[in-house]
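Reconstruct the complex from the two isolated chains, following the hints.
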Amino acid sequence: MTDKILTVRMDAYPADSQTLSRYLDTGGYEALTKALDQMSPEEIIEEVKASNMRGRGGAGFPMGVKWGFLAPAEPRYLVVNCDESEPGTFNDRQLAERDPHQLLEGIAISSYALGVHHAFIYVRGEYAKAARRIQNAIDEATEAGYLGKDIRDSDFSLEVTVHLGGGAYICGEETALLNSLEGRRGEPRLKPPFPAVEGLYAQPTIVNNVESISNVPWITMHGGAAYAAIGPERSAGTKMMSISGHINKPGNYEIVMGMTWRDLIFDVGGGIPDGKSLKAWIPGGASAPWFVPDVHLDTIVSIDDVAANGSMIGAGAVVTMDETTNVVAVAHRIVRFFAHESCGQCTPCREGTSWMEAVLERILQGGGRTEDIDLLLDISDNISPGLAWPPAMTTICPLGPSAVSPVTSITRWFRPELEAMIAGSEVAVG
Amino acid sequence: MTAVISHWSQENQSAAKSILDRYPEKRSALMPLLYVASLEHEYASDDAMREVASLTGISAAQVLSVASFYTMFKAVPVGRYLISVCTSVVCYLNNADEVLEAVEGTTGVDSGGITHDGAISVERVECIGACGGAPAVQVNYETVEGLTREKAEALVNWLRDAKPPVVLADEMQQLFGGQRSFDWGPMDPDGAVRPIPAFGPYGSVEEGR
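Residue numbers (the working numbering), protein chains in the order written: chain D, 1 to 430; chain L, 1001 to 1209.
Bound-form chain L, shown alone (with noise of 0.2 Å):
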């Protein structure tokens, strides 16, 4: 039983090591695994969910009936920018549907879409607790408050144009943001440069500028 998938990146190889070691047992390390090698696959293909089967010691069934079960493991390419758009109860009564046309019209993508270029994907998902400030976006898993349909058009132009290279949530909420579900504190120097959750320890984090 090899703990490392030998074809992975060495830093991919490092955090599933790690990983593993997190937890007594090992199937605990399904959903941190399924999201380094989605980082290593581009997304959660059969090819990554063989290897955490592997890693974890279980049939590759097994883990597709987990990853098929939450949102956040994709089952197809996603493009570098995820733009997630939050149309629950709360964003709702504040015109989250109009920041939701802005998005899919700007990118030319409906729900669950990916740009021909492959840059840009685009989901309308369910509440991300930001209903202070809603109506509420995440790219790649970085939250932007209080945006409005020209700032959510504005927000998609930049991301194409810009394509900054790590997706930080203060820059998005200095540059398109408006009312903040609360006082963010202090800037957060990390952000996202893949449409997976920027956290260290699965390593997908990245300083920005």
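Looking at chain D on its own, in the form it has when it is part of the complex (with noise of 0.2 Å):
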């Protein structure tokens, strides 16, 4: 059974993995021939669709329901997120940089599906060599009839732009993502309408992040059946796993999931340095709350049995921490990089995130107050009411609850190591 379709290519020639001529010795632009040559786009969607693939940019969201909302109207466009930003999160990265042709394939695909003629591509800012890696394939497919203009003989046209981003986290949540690609700020916008019917300059538009595109290819030429039929029914296909912290071997693994956390750190990952034991770790991300040894090792690793246990796999980060960690210290580095990125528009986020950090930095540095507990999580609770994942909001978009994640974690898992803290500054001061 297939257990690989993303890294084949960059595995096998390390050294010219994002070059079009390997692209093409290795297969490549043939699912493109096949969808304009044989397949109408109703057909590919439906393939999509039976893939079962669940969008890979966190939400988790079935990518071919997503298509199957995009409404009617002309122009289209589709907007490929490589807006990566997520603390422990570097996948895109690599399948950007490294075969960047499957990335277009893939949008060409979904465009040719979509009835779209015009798609952008995301870039963070920092990301400039992946932009360049991307401009010089699309360079290159443009020159050989793989892009633009009657592609291969077809009357499908497509261009594609890549647009550098200025420095924004919140530019990986979609509306906010397509008021930066307008040239606004980066402001998510209140939904309804969803991208689908009012997008990209208010026109029907679909965003899908680069890992999900990039399996495009994949399901055209093997269809969506036989990628359903990788790994668990409700998480299909293989996933994209950037491991990093405290681990013997951190990078990009591509797995199928069904493994147990235990299989994914201890086996994939290596294991903790130096011998020393793990404390915790976040399953998808900084935004994510976050699973300890003693009750979530024999979890198993999917998008399902994840939720069911209070969080998510989201793009697919895992951040392990081991037994000397502060975790205080590592919830307030979460908190102040949400405070940082919050976009401002909403009360609870921009006033919360902020009023979080302060607390636990006056915890860290020896000023905790008896009450600093409940107080962080009274403004938790004013930011995600009730406190659960995933998480009811009173904002227009997910970013203030994820600062809830580390404060909910380190008060439900570590509380006495937080009261000690506390309870040793009170002495401290006085």
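These aren't lab readings, by the way, just hints derived from the structure by calculation. Incorrect hints may appear among the rest.
[As the list claims (entries may be wrong)] Example chain D residues on the side facing chain L (calculated, C-beta under 7 Å, incomplete):
1. P87
2. A168
3. Y201
4. S244
5. G245
6. A286
7. R333
8. I334
[As the list claims (entries may be wrong)] Residues of chain L placed beyond 10 Å of chain D at every Cβ, according to the derived structure:
9. H1007
10. S1009
11. Q1010
12. E1011
13. V1076
14. G1105
15. H1116
16. D1161
17. Q1174
[To be verified] The calculated DSBU-like cross-link candidates involving lysine-lysine, where the alpha carbons are at most 35 Å apart (straight line), are:
18. L:K1026 / D:K191
19. D:K4 / D:K34
20. L:K1026 / D:K149
21. L:K1163 / L:K1151
22. D:K276 / D:K4
23. D:K49 / D:K149
24. D:K249 / L:K1151
25. D:K149 / L:K1017
26. D:K191 / L:K1074
27. D:K276 / L:K1151
Glycine included, every Cβ here is placed at the ideal spot set by N, Cα and C.
Listed below in structure tokens is the structure:
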């Protein structure tokens, strides 16, 4: 059975996997030719629906279903989200730098299926190298007739534009991304209307992540059913997992979901360095509530199993912490990130994230107060009432609730440590 | 409505023109044009923003409202080399605070500052997508992974003394890097000559040695 889809070429041909000649040598653009010659747009959408692939950007929404919402008005746009900025994720970067033609072929097939003639790739500003590699690939593909006018002698034409961001995590949220692409502040929009109805320039727009789109050539070539047969039923296909933190073998791993977290961290990731023990890990990027070894090591790595345990796989970022980790300091770093990245539109997020950052900072600096734990939870509850995951929201987008995750994680799993730090502070203070 | 700013360099004028041609609506060109204007004016100065406003047909205040939202458009002069030190969670877990200390100590400026000679700017930034090679920094948005305190000091000294005309990620990685997020594949011949992302269509990319 297939266990790798996205990383086969880059593993086999590290010296030139990004080039058109290597891509063509290894079956590249055959899926596009097949799509244009033998398939109707509707048939491709049906195959993507049948694949059961759930969006890889974090929300896990079925990609085919999202495509099905696209309104009929013209023109329509496809926007590929390469604004990868969630602390812990770096897999879109690898896919874009090492196999940009796979991404472009996915864009071309998806655009044909969706009736799109202008697609955009929004690349975070800090990924200049990825943008260069994608642009080189666009130039090569256009020259060779795989993009541009009348592709492969069909009457389908497609222009692809790389757009560089300006350094703002929030632009990974799809409506903030669209505002940014329109030359505006990256502030998320109220929904509805959803982008599929009113997106870029108020036209029907599909926003998909790099990893999701990179799977489209394989699905087109082998069929949705073959993709759906890989891995657990509701977590079909392969998933790029970025593993980092305190870990022996950090890196990106394309896995079939369904293994345990024990297997992922200790076999795939090689375990914790220097013989130390695992204290906690984040299963899906800085936004996700944390897991702890006593409870979650034998939980299954799948979208639904992680959700059933009150967290998320997100974009596939696993961050491990060893026994020496100061979890309050880690929570502070993550909250500081969200405070920095809050767009400022919604009061609970704008005020709440920086307030929590200040409280955690004073605890770390030895000025913690007994009531600080309740205060942190109270602020959290005002951002995300009920403190559940997936979160209830008082904000336009999930950034605010994401800042709550590290706070509820340390109060839930490491409360004695937090209390001791505060008690020590009070002794120290006075 | 002129499509060019006549006192810009020919290269930047043609970059601006091709950028405007890339989008169905002119305002979408705002951020790319801000990069080009920053190349022309050293940073996203008031003049730079006014010129982008005239190119996109919106007010300078609207351009400012956008430019100020994003961290990569600089409202103050930036050195020839911009060192961006990530101290987000994964880099933090891998001793990024020591790297920041080393960079600040060796340059003699705190985050947000610029050296007296105007050569090097230092900033503490949030996650740059290099977690597998933490701790990581960028110089002019070119990434170096797997740093240590000592290697970070050496990197700063190298920038100051060798004054590389083009900042190349692979060169820095070879000289000062360690663990990488993934196999980078072949060397990338292109790099950054200025603290603006080196992306060809925006006019700032240069081939190195």
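So, going through the hints one by one against the coordinates:
For D:P87, the interface hint holds, the least distance from its beta-carbon to any beta-carbon of chain L being 4 Å, beneath 7 Å. For the restraint placing D:A168 at the interface with chain L, the shortest Cβ-Cβ distance is roughly 5 Å, inside the 7 Å limit, so the hint holds. Among the interface hints, the one on D:Y201 holds; its C-beta lies about 6 Å from the nearest C-beta in chain L, closer than the 7 Å criterion. With its C-beta approaching chain L no nearer than about 4 Å, D:S244 sits inside the 7 Å limit, and its interface hint holds.
Because the smallest distance between the Cβ of D:G245 and any Cβ of chain L comes to about 5 Å, under 7 Å, the interface hint for this residue holds. For D:A286, the suggested interface contact is upheld, since its CB lies about 6 Å from the closest CB of chain L, less than 7 Å. For D:R333, the shortest C-beta to C-beta distance to chain L is roughly 5 Å, which falls under 7 Å, so the interface hint holds. The beta carbon of D:I334 comes within 5 Å of a beta carbon in chain L, closer than 7 Å, and the hint placing it at the interface holds.
Distance check on L:H1007: its Cβ is at least 23 Å (rounded) from any Cβ of chain D, clearing the 10 Å threshold; non-interface status holds. Here L:S1009 stays apart from chain D, with its beta-carbon at least about 20 Å from theirs, past the 10 Å limit. Remark: the non-interface label on L:Q1010 is consistent with the geometry, its nearest Cβ contact in chain D lying 21 Å away (cut-off 10 Å). For L:E1011, the condition that its CB be more than 10 Å from all CB atoms of chain D holds, with the nearest at approximately 17 Å.
At the 10 Å boundary, the C-beta of L:V1076 stays outside the reach of chain D, the nearest C-beta of that chain being 15 Å off. No beta-carbon of chain D is positioned within 10 Å of the beta-carbon of L:G1105; the least distance is around 21 Å. Non-interface call for L:H1116 relative to chain D: holds, since the shortest CB-CB distance, roughly 26 Å, exceeds 10 Å. Chain D leaves L:D1161 outside its interface by the beta-carbon criterion, the shortest separation being 25 Å against a cut-off of 10 Å.
Its beta-carbon lying about 15 Å from the closest one in chain D, L:Q1174 satisfies the requirement of being farther than 10 Å from that chain. Simply put, L:K1026 and D:K191 have alpha-carbon atoms about 25 Å apart, close enough for the 35 Å limit, and the pair holds. Among the hinted pairs, D:K4 with D:K34 is consistent with the structure: their alpha-carbon atoms are about 21 Å apart, no more than 35 Å. Under the criterion of a C-alpha separation no larger than 35 Å, the hint pairing L:K1026 with D:K149 is consistent with the structure, at around 23 Å.
Among the hinted pairs, L:K1163 with L:K1151 is consistent with the structure: their alpha-carbon atoms are about 17 Å apart, no more than 35 Å. For the suggested pair D:K276 and D:K4, the alpha carbons sit about 31 Å apart, so the restraint of at most 35 Å is met. The hinted pair formed by D:K49 and D:K149 meets the criterion: a straight-line CA distance of about 28 Å does not exceed 35 Å. Proximity of D:K249 to L:K1151 is assessed by CA-CA distance (about 21 Å); at most 35 Å being required, the pair is judged to hold.
Between D:K149 and L:K1017 the CA atoms are separated by roughly 22 Å; this keeps the pair inside 35 Å, and the hint holds. Taking the CA atoms of D:K191 and L:K1074, the gap is near 32 Å; set against the 35 Å cutoff, the hint holds. Restraint check for D:K276 and L:K1151: the C-alpha separation of about 26 Å stays at or below 35 Å, so the hint holds.
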